[in-house]
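Those protein sequence lines, which keep their order, are chains A and B.
Heads up, the first sequence is in my numbering, so the first residue is 74 and it goes up one at a time.
Heads up, the second sequence is in my numbering, so the first residue is 6 and it goes up one at a time.
Hint data in this document are derived by calculation from the structure and do not stem from the laboratory.
These figures come from a predicted structure and were not determined experimentally.
Worth double-checking, as some hints may not be accurate.
Derived coverage of chain A by chain B (criterion: at least 3 residues anywhere in the stretch with Cβ under 8 angstroms from a Cβ of chain B; other residues may be distant) [unchecked claim]:
1) 89-96
2) 156-165
To spell it out: a stretch of chain A is covered by chain B in this simulated footprint if at least three of its residues, at any positions, have a beta carbon under 8 angstroms from a beta carbon of chain B; those stretches are [as the list claims (entries may be wrong)]:
3) 99-108
4) 206-220
5) 273-282
Even for Gly, the Cβ is constructed at its ideal location relative to N, Cα and C.
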Amino acid sequence: MLIPRHVRRVLIGVTAVVLLFIHIPLLVVLVNSFNTSRVFGWPPRGLTTQWWSRAVENEGVRSALLTSIKAASAATVLALVLGTMTAFAVSRYRFFGRSVISLVVVLPIALPGIVTGMALNAAFTTTLKPLGIGFGLFTVILGHTTFCVVVVFNNVVARLQRVGVSLQEASADLGARPWTTARLVTFPLLRSALVAGGVLAFGLSFDEIVVTTFTSGPGLQTLPQWIFNNLFRPNQGPIVNAVAAGLLLLSVAPIWAATKLSADPASASGRL
Amino acid sequence: MSSQGLTSGGRSVTTAPSGVLARTTTALSRNPRARLALLLSAPMFWLVVLYLGSLATMFAASVWQVDSFTGQVQRTFTWDNFHTLLTNSVYRTIALRTVMVALIVTVLSAVIAVPVALLMAKGLRSSRTRALLVIAISMPLWANYLVKGYAWRIMFDERGVLDWALHPLGGHTPGLGLTATTVALLYLWLPYMILPVYAAFERLPNSLIDAAFDLGGRPWFAFRTVILPLVMPGVIAGSIFTFSLTLGDYIMVKIVGRATQLYANVVYDNIGVAGDLPFAAAAAVFPVLVVVGYLVAVRRTGALESL
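Work out the full structure, taking the sequences as your base and the hints as a guide.
As structure tokens, then:
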């Protein structure tokens, strides 16, 4: 045994408390979504599914969900392309400014979201508005892509370092054209890294609210924005809770996908 | 390794297997410089023009001002915004409060993350248990940010879960406010600390942990002198997230903080309510300085590689 038994016991104790801390608030949201009472109060007085059906029928929720999916899909596709290109450039070439690029890629996620949001807002206000391009879904996608690139980049760089170039060299030596090598050797090697990066990028975009608020226009609402805007309206409480509980169940999907994709869930849950 | 010229990133993600594409890629494979230029073109346009350009615009805007009469942004140089931020005691109090919250969140999350990550990486024999624990710990990372905020709102609410749980013991919820905000932020950023620390523990060879506890006398001594210094890069990598994310958050404090203000609220309120773009931009410079200064300071530790 690596760790002495009594030390291990302490570690297990701490971890158990942390697991309770992590899961109790989320369980409370789930249970409370069935609370019959319109006004919040714990514990629930009775159980009902009416808030769930009302949430599903809610027009605002539906259009916000659609906006979120549109923005996240577009940002994910753009981030996959840009992140993979940058990853190849940085890990397969030596050139001037290479280390600067690795730093600049990380910057949008290392700097606080409010800085990225503020910077994009200032830039769009001073350059796009005079051109007649207003704030809307387009500017939200631009903003989201900026911080999604890094997760794809990190996953692909890690994979490229791990697999090296020998398989691709072997493929070329055996007479495969570059395109064939890319399709039959490189892409299969990268596939799971691309999926992990893509899932992370989608999740990151779907979840985001700070950059979104700074780059979205009037009338446009992503799902997080809808929740935030309705959180303080007393009569919307139960519906907000049901939407929150629904999102919670949805967030299990990427974890399930990650475990399916890789034998090691720690690496599959992605590099941040 | 690159001179062999066998791969190019663009190709691995495109799917059209046409003859033109095959010919282009073959031609490109003979010219590594052209290939590199092509690979870098789109990402550099995005990162340099769009992102760094935006940051530059923000810095420029921070020394402009709003004409109090017309409400229009005047592009004339002035230090007024920074002068107000530095001399007005309201902003100093908010900045100090925010840095304190960021420090508390960072320290607490490190204290929690190290034992949990040690157990995850080295304390479990069965890989199945380990996989389950990793999932159980990283789950809140996947849950929606606002859902977590909502969860802590109903935990700390006057009629909420904490009050109900503490009532038999004669206790009360501290209610919504600075405490609730700190706990919620700790909750939000905890996985960002646990995952890099876990990765740092995983990189340590088992024999080293074995030797530390076998030869080091008391476990605490072995832990403090051998193991902790080796996982410090992971802790520092995590602290970049916990610190920077706290400095940039204004939503959580609105959800669980009642009237409490953190630094990011200054930025948000000036862009939203007051419509003072230059002042908001000047306010956003402070977190940039703090985070960049921090990044530069920890560059030597190699923590940036474990991000």
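Against the structure shown, which of the earlier numbered hints fail to hold, in ascending order? Hint check: nothing fails, all pass.
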